[in-house]
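**Q** One-letter residues, chain by chain:
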Amino acid sequence: MSRPSAARATLFILGAACCFGSVAVLTELAKRGGATLTTALFWRYLVGGALLALAAGGVRRGWIGGRAGARALLLGGTGQAVIAYMSLAALDYVPAATLAFLFYTYPSWVAAIAVLRGSERVDATRAAALVLSLGGIALMVGSPWSAALDPVGVALALGSALLYALYIPLIGWLSAGRDPAAVSAHIALGVAVLLGVAGLADGELTGRLSMQSWLAVAGLAVVSTAIAFVLFLRGLAVLGPVRTAIVSTVEPFWTAVLAVVALGQPFRLATLAGGAMIAAAVLLLQRRPAPGRPEPVGGGAGAG
Amino acid sequence: MTPPQPKEERPLGTLLAPDILALLDEAPGSVATETEEMHPADLADVAEAIPEERVADLLRALPADRAADVLEYLDEERRARVLEAMSSAQAARLVTEMTPDERADVLDELEAETAEDILAEIPAEARRETERLRAYDPDTAGGLMTTEYVSVPDTMSVAAALAGVRAAARGGRKEAMYAVYLTDERGRLRGVLSLRELLAAPDGAPVTDVAWSEVVSVLDVADREEVARVTANYGLVAVPVVDALGRLVGVVTVDDVIDVIQEEQTEDVQKLGGMEALDEPYMQIGFGAMIRKRGVWLLVLFIGEMATASVMGKFESEIDRAIVLALFIPLIISSGGNSGSQATSLIIRAMALREVGLRDWWRVARREVPTGLVLGAILGTIGFARILAWQSLGWADYTEHYMRVAVAVGAALVGVVTFGSLTGSMLPFALRRLGFDPASASAPFVATLVDVTGIAIYFTVAAILLRGVLL
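Chains as they are written, first to last, in the working numbering: chain A, 1 to 304; chain B, 305 to 775.
Everything labelled a hint here was simulated from the structure, so no lab data went into it. Be careful, since some hints might not be right.
Unchecked claim - Partial chain B-side listing against chain A, Cβ under 7 Å, derived:
1) Val-564
2) Ala-669
3) Val-673
4) Pro-674
5) Ala-681
6) Ile-768
All figures in this text were calculated on a predicted structure; none of them were measured in a lab. In this text, a Cβ means the ideal position worked out from N, Cα and C, and glycines have one as well.
Let's have the full structure, built from the sequences with the hints guiding it.
**A** Structural data, given as structure tokens:
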């Protein structure tokens with residue numbers, strides 16, 4: 001495969017961001033079609049994982065095996081399943097756009113933890129980013145005692161962002177020196193196994209879905225998992241992590257637009273303003289070496 | 305001090321006790337020869353195993369220096385009772401043979417009047433030495449040191465110093481002969497060398513040429529913890545003790561330092577367990593003292609826990625309306641208490657080892673907040689998943705709003721564990737700043753403190769998340 005130009009690479013990353021950014025909307029569509037969250041996620045990760053395994057060169061080439069493979073399946077899969085479930089469960093309480101922007105605070109969580117630990121200095125840029133991020137959340141959510149947004153949805157979205165920030169180093173460790181496609185396939189299949197067991201145990205898992213749910217699940221697996229991942233990797237190879245992260249900030253805005261168009265959800269000005277502040281914080285944080293995006297399978301919300 | 309051993313841990317004493325008793329009855333004159341190969345610690349085990357009224361007979365049957373050795377290994381309380389049962393002259397004969405520091409310690413254990421009577425009976429020089437040592441606080445270097453060390457003038461040659469050391473060794477027992485100290489004409493500590501270095505040095509060389517002039521020492525008023533720290537840091541077997549003018553006044557030997565470390569650790573562990581330090585072995589402490597030392601803190605903690613009941617009372621209406629919340633109160637508050645106890649234990653130990661000092665409080669706080677946040681996130685996620693799982697599997701019914709309950713429990717755990725870690729780590733700093741022992745920040749104390757705040761955090765979070773639904 002030839003190396004794409006910078007312009008094409010930017011388009012690839014934009015495409016990947018839109019694909020990842022469609023996760024929340026496609027999940028909501030699957031649920032509106034009658035699928036439970038467990039079922040939608042199970043099929044997404046099962047089919048998506050199989051496609052990623054193909055992208056990694058097939059089962060034989062992509063199979064990591066040994067303890068590293070087991071770790072990716074179990075640890076990576078469990079972490080991904082919890083984050084995906086928690087973030088997408090927020091859709092029952094807050095609009096997709098709100099979820100996408102709140103989840104997008106995860107780079108700020110990473111920075112905040114690094115600053116608190118003392119592993120990174122609090123310079124003006126970093127302080128401004130953290131203030132912007134907190135301000136964006138406050139603007140979007142308002143007072144916890146007001147009824148603008150359901151606090152449960154906010155807690156789920158922010159909680160999953162915090163967990164994603166903690167999950168990034170784990171993924172970095174699991175992926176070290178290995179083909180990212182293979183690791184992602186393992187993680188996706190780990191999620192599918194976990195949710196499959198959980199779904200079977202509580203009797204929720206089913207293959208009898210409505211056409212709308214199947215189409216949404218197919219979109220999740222093919223577009224928001226496999227295609228998004230391939231585009232992301234090809235773009236990342238040319239642009240590098242900093243520019244990739246900057247271009248990827250389009251992701252929550254895409255989710256917001258799609259939620260209005262596909263779900264007919266209202267779009268609040270406070271969401272746009274708060275979201276813009278959160279995205280600006282992410283852009284500011286990219287002025288320094290970025291945490292990058294080590295997890296291509298999909299965080300579950302808009303951030304994919 | 306030798307702590308008493310349970311019977312099963314001194315099988316030799318138990319085994320030999322009948323034979324020794326028989327010898328004491330039938331041929332007391334042969335006890336000394338029959339036991340001359342035994343270590344004094346083993347003979348002390350025998351003395352522990354025989355009836356207490358026969359211990360004095362056993363000691364009388366031994367040569368005075370041997371009896372003194374046995375006394376040194378005997379359990380403190382039994383030793384005190386045995387000496388008090390003897391005549392002053394008999395007791396004085398034994399304690400005179402003890403090392404000066406042990407002699408001072410033994411007399412400190414006795415009733416003041418008895419100690420004075422015995423002291424009056426011992427030779428004048430030993431009495432003065434003992435009185436000087438007893439004047440020191442027992443928890444200082446002066447209270448720990450022995451005056452049986454070897455020193456030579458720094459003007460001597462190696463040959464003369466060797467002759468002096470040999471004369472000192474032949475002249476009687478010297479407890480600390482690991483090193484030879486050099487002093488000037490005013491008795492100030494000027495150097496040190498090991499016995500091996502002295503033996504290996506050329507006879508004609510001045511002793512200052514082979515001695516180390518940089519000597520690690522402690523002041524006679526230094527706290528015993530400081531003595532233990534210096535001994536550990538420099539890997540010493542004996543630490544010289546000097547007065548304010550730099551004059552050598554004694555030596556603390558490593559066996560006494562080990563006792564100090566054991567006692568300090570015991571004290572810290574007991575305080576961490578939520579009580580005053582017992583100051584005596586568990587099996588020796590009296591019933592009243594046990595009640596007092598444990599009861600005071602139990603009472604303080606009990607009163608503290610009353611605040612938990614008061615705080616819960618503030619949320620009574622919430623509990624009435626959402627009884628499901630009450631199910632998770634133990635989970636929430638114990639997690640906060642546990643995280644606080646962990647942090648407290650870590651910081652107290654780090655303070656004891658001087659890894660952190662008062663000025664490090666900000667660095668510790670910056671470590672504990674993200675640590676608490678991450679640990680809280682892990683526990684919160686597990687708590688969240690557990691509620692969803694139990695509800696899905698039909699093992700519990702957390703109402704139709706189970707997702708809200710799960711989020712409330714998860715979020716509260718993040719807050720409580722973070723708060724617990726921060727509070728638990730800061731409390732030892734606050735106590736030290738106020739002049740208390742940081743170890744007083746016992747784990748139960750921290751747990752009580754975090755219980756109160758944990759309840760408040762939990763119900764505040766629940767009030768936000770369940771507002772208009774369950775509350």
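**Q** Output the numbers, in ascending order, of every earlier hint that fails for this structure.
**A** 1, 2
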